[in-house]
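Asks: Residue numbers (our numbering), protein chains in the order written: chain D, 1 to 242; chain X, 1 to 459.
Derived from the structure by calculation, the hints contain no laboratory data. Every value quoted in this text rests on a predicted model; they were computed, and no experiment measured them. A virtual CB, placed ideally from N, CA and C, is assigned to each residue, including glycine. Hints are supplied without guarantee of correctness; some may be wrong.
What the hints assert, rightly or not - Under the rule of at most 30 angstroms between Cα atoms (straight-line distance), these lysine-lysine pairs were calculated in the DSS-like manner:
#1 X:LYS34 <-> D:LYS149
#2 X:LYS458 <-> D:LYS19
#3 X:LYS34 <-> D:LYS19
Unchecked claim - Going by beta-carbon spacing under 10 angstroms, a handful of chain D positions derived as facing chain X:
#4 TYR53
#5 ALA57
#6 VAL60
#7 HIS63
#8 SER188
One-letter residues, chain by chain:
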Amino acid sequence: MARSVAIFVTCIVDQLFPKAGLAMVDVLERLGFEVEFRSAQTCCAQPAFNSGYQDEARAVALHFIDTFADAETIVVPSGSCTSMITHHYADLFAGDSKTMERVNALTPRVFEFSQFLLGQPNLDSLAARFPHKVTYHDSCHALRELGLKDAPRRLLGLVKDLELVEMEAAEECCGFGGTFSVKFAQISGAMARTKVDSILQTGASHVVSLDSSCLMQLRGALSRGGHKVETLHLAEVLASRG
Amino acid sequence: MSAPDSAIRQTLADANLQLAIYSNTGRFKDNRVKAVAPDQLPEYQDLRTRAAAIKRHTLAFLDVYLLQLENAVNDNGGKVIWASTGEEAAEFIVKLAKDRQANLIVKSKSMTSEEIQLNERLAHNELEAVETDLGEYILQLAGQRPFHIVAPAIHMTRHDVADIFTEKLGVAHDTVIENQAMTARRVLREKFLTAGIGITGANFLLADSGAVVIVENEGNARLTHSAPKIHIAIAGIEKLIPRTRDLAVFLDLLGRSASGQTLTSYTSIVTGPRRKGELDGPEEFYLVLLDAGRTKLLADPDQRESLQCIRCGACLNACPVYRKIGGHNYPWVYSGPIGKVITPALQGKENNAWLPFASSLCGACGEVCPVKIDIPGLLIKLRKELVRSDPADRSAFRVWAWLMRRPVMYGLAGRIGRTLLRRMPLGFNFGPLAAWRSERDFPAAPSKSFRDCWKERKK
């Protein structure tokens, strides 16, 4: 019997980048998983939490907890949303021991996509091929809160004909930062352009990341600058057969 | 008060300034990374943990250690001055200078003195205070405040310095850095030898020995506290560490975090005035301990962690926002991530309300902090307090939260939004969407969401 995983596709992937979600499903199925999508899912609550709206964040986080309480494994195509759940639900519900019990029971079963994948024994069966020059953007929360530096690179290393070129500013923030991107648009835009410069220096045709929010920022800045570099979620590269 | 948008725009548009900020902070940042790498300092993470623990402990028992420090300073023949405000601190210094007829004062670099605008206060009383750190000296001539906590003139090129020296000192225009340093040295030597008072800051205060620890690279601080007859050290009460033996932990971290130096060129441990039989050192020593909002901050369990700061400036160099907007667009002398936290704490939250929001929460500051201050976490906590006064924003998040608990409504709202975006790809150009588009393109909305695709897949 196929092992089952529940996916949390995140609101931004759901609404704006469904291809990334579909690619993740494709990859998981190729590895032999039965993928379950719970239609009650919406958002992890990070926008409210980061903006300082704790009550609103708690309400939405509780909705997430209710939705996934009995899921055995939850895979998320985002470092930021994963970290919100695994690191910051504890901040939200500190002092609420009843909910914390549920949080503690849930969080060990929540995995960021590349984190989850790296633990799989049959990665060869992916048979991914992507004959392009690629550079990787470390999204901040995946890197600094989840410690995912090697995992995505190792996964890219499994892809046939893919050439990975590191950019100098790989670990620098793209400037998205949720509401920061619109509240402080000019600073956010300047940060994105610095990142774009670093991407361009590599000569890569694609920039890959674990977070669609960063990719939306980079894609917007790349296209505004008239550059041809494309943005892809890691799942889309791993799902590619060239 | 809102963000200084037009000043920020100017900074962003100034290509030379952008290059100066980005490359100079970049150099510090890279040097730090190398200096704390496992092959250089394998115990780095342990040192951070230890430093944070010492600071937390000290803050928890600050009342006890401060009195211990005062006793030790007295035993050494010095005197502690308790200043609850900058005004009180300045008052003491003015009175002492008048009393000792010391009209010329030399100063080494001290952010605490910048914080209380000491130079301006002294000038109001016809006292001349001369900055002797090269960067600070340049800024004093230019009439600017520090751009960076440890590298105050990081934004200036040697051409800028040549202009300033020619204008203010009347020397020939010279863009050779060594010559500029020699010019400053010539002017400042004279000041050191004639000043009646030397004012320094303090990187650390040692409660057990009553010593003031000063780290620097130019030797000017050493001259400041040893040449004049009177040495005044000014420091915030949080600069305390309990024991001399704890100092090693912090010295291992400070230079490396600030500039990638294993140790700064000079480390002075000053224990008060000259004693009987000693050949040099000042005749009088005063330690001005400044509160200026710190005890209030200490009483705030959400924010007190920021008092752990040792002012290394690593968070500035790591911060992608600081590296764009530079130091002068922050409202107070403390810039960068730590400034975003301590400015609201010490100068008022409401009038600095924009600061905690001017962050992408990337976490680079927390990652490099040698005393493990969770700056992003503190920013979120500040936001939590500040959003209370923004009813429109609050309503928007209430609607959002309502929607996010109703999957069907959420799906419907998403569909409507995407349809509108598709029908009018450049429409709705107001609010957040306009702000987004002011800097970059917004992606084309897909006709189907993931959940729509999923439904079709399952059919």
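Asks: All hints, please: hold or fail.
Replies: Hints, verified against the model:
| no. | hint | in the structure |
| --- | --- | --- |
| 1 | X:LYS34 <-> D:LYS149 | holds, 18 angstroms |
| 2 | X:LYS458 <-> D:LYS19 | holds, 16 angstroms |
| 3 | X:LYS34 <-> D:LYS19 | violated, 40 angstroms |
| 4 | TYR53 | holds, 5 angstroms |
| 5 | ALA57 | holds, 8 angstroms |
| 6 | VAL60 | holds, 5 angstroms |
| 7 | HIS63 | holds, 5 angstroms |
| 8 | SER188 | holds, 7 angstroms |
Violation of the numbered hints given earlier is confined to hint 3; every other hint is satisfied by the structure.
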